[in-house]
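Take my numbering: the final residue in the sequence shown is number 225, and no numbers are missing along the way.
Possibly wrong hints are sitting among the right ones.
Restricting the straight-line Cα-Cα distance to at most 20 angstroms, the calculated cross-link-like pairs of lysine to aspartate or glutamate (DMTMM-like) are [said to hold, decoys possible]:
1. 102 with 133
2. 102 with 85
3. 102 with 49
4. 102 with 86
5. 102 with 41
6. 102 with 112
7. 102 with 128
8. 102 with 63
9. 102 with 51
Cβ pair distances, simulated, as ranges [said to hold, decoys possible]:
10. 175 with 50: 28 to 34 angstroms
11. 181 with 93: 30 to 36 angstroms
12. 177 with 224: 36 to 42 angstroms
Just so you know, these hints were derived from the structure itself, not from any lab.
The beta-carbon is built from N, C-alpha and C at its ideal position, and this holds for glycine as well.
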Amino acid sequence: MQIFGHRGSSGTDPENTTRAFRQALTAGADGVELDAHATIDGIPIVIHDGDVGRTTTGSGSVDNMTLDEVQRLDAGDGERIPTLDEVIGSLAGHLTIDIEVKQAGIERLVLDVLNRHPAADWFISCFDWGVLENVRRLNPEAAVWPLAIAADDALFAIAERLQSPGIALQHRAYTVEVAERCAAAGLLVGVWSVNEPLEGQRVTGLGAATLMTDYPGMMRTALIT
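Could you put the whole structure together from the sequences, leaning on the hints where they help?
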């Protein structure tokens with residue numbers, strides 16, 4: 001079972017920043033999850049929200065701001081919002097990268113960045129399954145994982161249609177029954193976001209392939225001991 005830092009080590013460092021990703025690597029994470037939007041000048045950046053207000057000193061919609069405007073902002077403790085290219089370049093060869101695309105229409109921009117880093121180990125996830133269909137049309141070899149709150153028939157149908165290696169579920173939705181159905185379908189399961197050791201042990205026991213957490217160092221220690 002692999003441990004992924006949710007937005008890096010976001011429980012200890014400003015989320016989706018270079019420092020948070022570096023801390024996840026130092027803490028022994030196997031991978032990181034990050035979120036991708038694009039600026040008005042077409043540069044994919046790493047930020048969760050479509051508006052910069054929650055995580056930075058600024059305000060406004062990402063898709064109405066230039067890269068220069070975005071990178072003038074403080075994303076926490078002096079960190080700035082990194083570009084997707086910067087993050088992939090720094091993590092390639094070190095960690096598996098789960099890129100959650102948060103903005104429809106930027107699929108080609110994201111894939112163009114990934115194509116510049118052949119050493120990177122990555123997959124793309126999204127709640128908007130249409131985005132994943134677009135990714136597969138643009139790159140039939142791309143690994144895509146549909147995100148969902150519940151493991152219903154629609155989720156299994158889209159996973160089959162996309163030939164997804166796995167699905168990503170809210171951890172409470174990962175039950176014995178769901179685990180059995182995924183095993184029968186040959187699907188890996190990633191769960192998010194697990195910050196309690198007992199819950200980590202539960203989903204590990206059910207066979208989760210990846211566990212996403214805000215505290216990869218703590219969770220690594222808890223599951224080893």
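Does residue 102 pair with residue 63 here, judged by a C-alpha cut-off of 20 angstroms? Satisfied, since the Cα-Cα distance of roughly 12 angstroms is no more than 20 angstroms.
For the pair we were handed, residue 102 and residue 85, check the Cα-Cα distance against 20 angstroms. Holds, because 16 angstroms separates the two Cα atoms, which is no more than 20 angstroms.
Could you check the hint for me, namely that residue 177 and residue 224 are 36 to 42 angstroms apart, CB to CB? 28 angstroms, violated
Please verify whether residue 102 and residue 41 have alpha carbons no more than 20 angstroms apart. Judged against 20 angstroms, a Cα distance of about 17 angstroms means the pair holds.
If I claimed the Cβ atoms of residue 175 and residue 50 lie 28 to 34 angstroms apart, would that claim hold in this structure? Holds: the Cβ-Cβ distance is about 32 angstroms, inside 28 to 34 angstroms.
Could you grab the alpha-carbon distance between residue 102 and residue 51 and see if it respects the 20 angstroms cut-off? 12 angstroms, holds
Given the hint that residue 102 pairs with residue 133, does the C-alpha gap stay at or below 20 angstroms? 14 angstroms, holds
Could you grab the alpha-carbon distance between residue 102 and residue 49 and see if it respects the 20 angstroms cut-off? 8 angstroms, holds
Next pair to validate is residue 102 with residue 86; report whether the Cα-Cα distance is within 20 angstroms. 18 angstroms, holds
Under the criterion that the straight-line Cα-Cα distance not exceed 20 angstroms, is the pair residue 102, residue 128 satisfied? The hint holds at about 8 angstroms.
Do the beta carbons of residue 181 and residue 93 sit within 30 to 36 angstroms of each other? 35 angstroms, holds
Below or equal to 20 angstroms on CA atoms is what counts here, so check residue 102 against residue 112. 16 angstroms, holds
When held up to the earlier numbered hints, the structure conflicts with hint 12 and nothing else.
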